[in-house]
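Now for the letters of each chain:
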Amino acid sequence: MTAQLNVESKHNLSGGQPLTQKRESLFADAFRRLLRNRAAVVGGSIIVILILLAVLAPVIAPAPYDLQVLDDQNTIPKWLTSVFPTMAPYARFSDSYPLGADYVGRDLLSRIIYGARISLTVAFIGPIISLIIGVTYGSISGFFGGRVDNVMMRFVDVLYAFPGLLFIILLMAFFRSTFSKPDPGSFSYAISQMDARMGGMLFIFIGIGLTAWETMARLTRGQVLSVREKEYIEAARTIGATNGRIMFNHILPNIVGPLVVAETLAIPGYISTEAFLSFIGIGVNPPTPSWGAMISDGAQVVRTYPNQTIFPALALAITMFAFNFLGDGLRDALDPRLRGTQ
Amino acid sequence: MGRYIVRRLLYLVVVLFVVSAITFGLMHAVPGGPFDREKALPPEIMANLEKRYHLDDPLVVQYANYLYDVFVPQFSTTATTISIEDDALLKFNVGGVYVRWMNFGPSFSSRSRTVNDIFRDQLPISIQLGILALLVALIIGMPMGILGALKQNTIFDYLGMSVAIFGVSVPVIVLGPILIWIFGVVLKVLPPTGWGAKPPYILGFIPSDLSWDGFWRFSIMPAIALGLGSSAIIARLTRASLLQVIREDYIRTARAKGLRENLVITRHALKNSLIPVVTILGPMFAALVTGTFVTELTFGIPGMGRYFVTSITNRDYPVIMGTILLYAFFLVIANLVVDIVYAYLDPRIRYD
Numbered sequence: 001m002t003a004q005l006n007v008e009s010k011h012n013l014s015g016g017q018p019l020t021q022k023r024e025s026l027f028a029d030a031f032r033r034l035l036r037n038r039a040a041v042v043g044g045s046i047i048v049i050l051i052l053l054a055v056l057a058p059v060i061a062p063a064p065y066d067l068q069v070l071d072d073q074n075t076i077p078k079w080l081t082s083v084f085p086t087m088a089p090y091a092r093f094s095d096s097y098p099l100g101a102d103y104v105g106r107d108l109l110s111r112i113i114y115g116a117r118i119s120l121t122v123a124f125i126g127p128i129i130s131l132i133i134g135v136t137y138g139s140i141s142g143f144f145g146g147r148v149d150n151v152m153m154r155f156v157d158v159l160y161a162f163p164g165l166l167f168i169i170l171l172m173a174f175f176r177s178t179f180s181k182p183d184p185g186s187f188s189y190a191i192s193q194m195d196a197r198m199g200g201m202l203f204i205f206i207g208i209g210l211t212a213w214e215t216m217a218r219l220t221r222g223q224v225l226s227v228r229e230k231e232y233i234e235a236a237r238t239i240g241a242t243n244g245r246i247m248f249n250h251i252l253p254n255i256v257g258p259l260v261v262a263e264t265l266a267i268p269g270y271i272s273t274e275a276f277l278s279f280i281g282i283g284v285n286p287p288t289p290s291w292g293a294m295i296s297d298g299a300q301v302v303r304t305y306p307n308q309t310i311f312p313a314l315a316l317a318i319t320m321f322a323f324n325f326l327g328d329g330l331r332d333a334l335d336p337r338l339r340g341t342q
Numbered sequence: 001m002g003r004y005i006v007r008r009l010l011y012l013v014v015v016l017f018v019v020s021a022i023t024f025g026l027m028h029a030v031p032g033g034p035f036d037r038e039k040a041l042p043p044e045i046m047a048n049l050e051k052r053y054h055l056d057d058p059l060v061v062q063y064a065n066y067l068y069d070v071f072v073p074q075f076s077t078t079a080t081t082i083s084i085e086d087d088a089l090l091k092f093n094v095g096g097v098y099v100r101w102m103n104f105g106p107s108f109s110s111r112s113r114t115v116n117d118i119f120r121d122q123l124p125i126s127i128q129l130g131i132l133a134l135l136v137a138l139i140i141g142m143p144m145g146i147l148g149a150l151k152q153n154t155i156f157d158y159l160g161m162s163v164a165i166f167g168v169s170v171p172v173i174v175l176g177p178i179l180i181w182i183f184g185v186v187l188k189v190l191p192p193t194g195w196g197a198k199p200p201y202i203l204g205f206i207p208s209d210l211s212w213d214g215f216w217r218f219s220i221m222p223a224i225a226l227g228l229g230s231s232a233i234i235a236r237l238t239r240a241s242l243l244q245v246i247r248e249d250y251i252r253t254a255r256a257k258g259l260r261e262n263l264v265i266t267r268h269a270l271k272n273s274l275i276p277v278v279t280i281l282g283p284m285f286a287a288l289v290t291g292t293f294v295t296e297l298t299f300g301i302p303g304m305g306r307y308f309v310t311s312i313t314n315r316d317y318p319v320i321m322g323t324i325l326l327y328a329f330f331l332v333i334a335n336l337v338v339d340i341v342y343a344y345l346d347p348r349i350r351y352d
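Chains as they are written, first to last, in the working numbering: chain H, 1 to 342; chain Z, 1 to 352.
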């Protein structure tokens, strides 16, 4: 994808063809602008590195994420004492752990590398779920307008009054206890098996999906309403295009830019929600290495072994930085009018 | 305007009704109950407990009773002694008639405390933290945004916006432990955990002892951890809005008539650029008030957060319902206040 677009932008620059307007030209153009934004490029590169780390985790990580060596619990390598001098008097040293070992003797670095899988999965699945629900809901509401719109949007308004964080905690607790001991063979048994296989991620996706779609629905509806009255929609109607054709061929392609930008900017929120849920113990199942769960474990011993909480915290912060930089850059690239204003 | 407010308050009733119904439904859809133990209780004891807390009634009856207790005020001519059954959050005396309102019921996990007791002890702490965080957001965010817009594309602007990106990228569970480690463990200038304020509170939430040792020493770190992210949002919004306003015709007119630059900025530009900032304060207040949960758990603050999380695992129905209803109420009221302030700031906006 990257390489392909790159070639195309070069192709455009070379001026081989006299200003042919290709179908992808908007995105090729946006991509060229994105490449000129240094912060966005840095963010994008970090994300590519993170993806590589996540995919190649079994190759790169020095140890499996769940390998416990109880004799080595809370050990640190020598070099850490120059960063955290307070640990020098009491720490036990073992140089086989590059960032130290946790309270049951698991390699911290390996767990951080595997933890990228959790955060990145949330970063990519979260937007997909909220886009599917939100765009469907919002476009139906905006497209039909009138009473349908009124009822659908009042419902979103009411959901907005739900304290989001409390709601997701409640939902997670609901899922966790409903599907804790299901009868074998039932639907909830299948769901809980699937969740267990995903290390507890399935319910996190559902929880995030159920709480994050409302913003997308509102945005989509607003965009559809503004595009719906344009002349080219009227033109499409006069030649007898069906509702579905107008929706998918004429409206959606014209509102996709703002939706992509909004979703990219929402990604750090999904990442921190997952981290928070794991932090309070209702997110991923142990021993799945989520950065939130690692921060929580480390926070218990922050006075004695600060490395156990600081390193996963940095990993989480860097990832959120990267997505914020990329999201900002994408917004500037897709909507140049907004550059330098927001 | 009056009619608008009345309509919004009616809407508030609908919202609270829907929120309570969804919460009640979710809680009771889960198999098991608040008195399930690893070792099952004898059936007679179980039956008595369920009778005691009216859990043997049909769900619809339970829900109706709950709504009745919370929303319908009780009147009596005597100040009855407070028992667990009729502990009301609001108690006042109108011309000899005692009004008792908002009985959120007993807490299942504690035989001697009601949900209202938890609200009285823990809620003020969460509100203190939420308000401090909002102040942090405004005090850091607005000047940063104004400076960024007035000195656009200078070092101030770039520095400010870098800090803003930092702010939105660092959630409380990251910033919290790092702050605790730096200021609590290495420098030893602030206590790593805990909260200093103690009752009685003025107006229900302002601590009477506002000294460094009694309050600020404990609260400054959590408030910054919670407020920094919002300060970044305010800074970016202020900057964007001020940049837009500064290019308006009426600013050029004000300058052309020879008005001094600082008057142009304060009286014409700033007031108008505040409008988008005010609109975001409603959702932001909401985010901060619920966000205190994360902060409380990170910093070991005895606010509502820990009670809510434990009440969910304990299946303490009244605490879950009460907390969610109360916070939904806060959110709707915060948004209403924002809309009213909005109309005041921009006379073009009319609600009828």
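These are calculated hints, taken from the structure and not from any lab test.
One or more hints might be untrue.
Claimed, not checked - Quick list of the computed label-pair ranges, beta carbon to beta carbon:
id, chain 1, residue 1, chain 2, residue 2, range
1, H, F248, Z, P191, 46 to 54 Å
2, H, S96, Z, Y201, 32 to 40 Å
3, Z, F17, H, S96, 39 to 47 Å
4, H, N150, Z, K188, 56 to 64 Å
What the hints assert, rightly or not - Selected chain Z positions facing chain H (in silico; Cβ < 10 Å):
id, residue
5, T23
6, F75
7, L175
8, G194
9, I312
10, V337
11, I340
Quick reminder that beta carbons are idealized off the backbone N, C-alpha and C, glycines included.
Run the structure past the numbered hints and jot down the numbers of the failing ones, going up. 1, 2, 3, 6, 8, 10, 11
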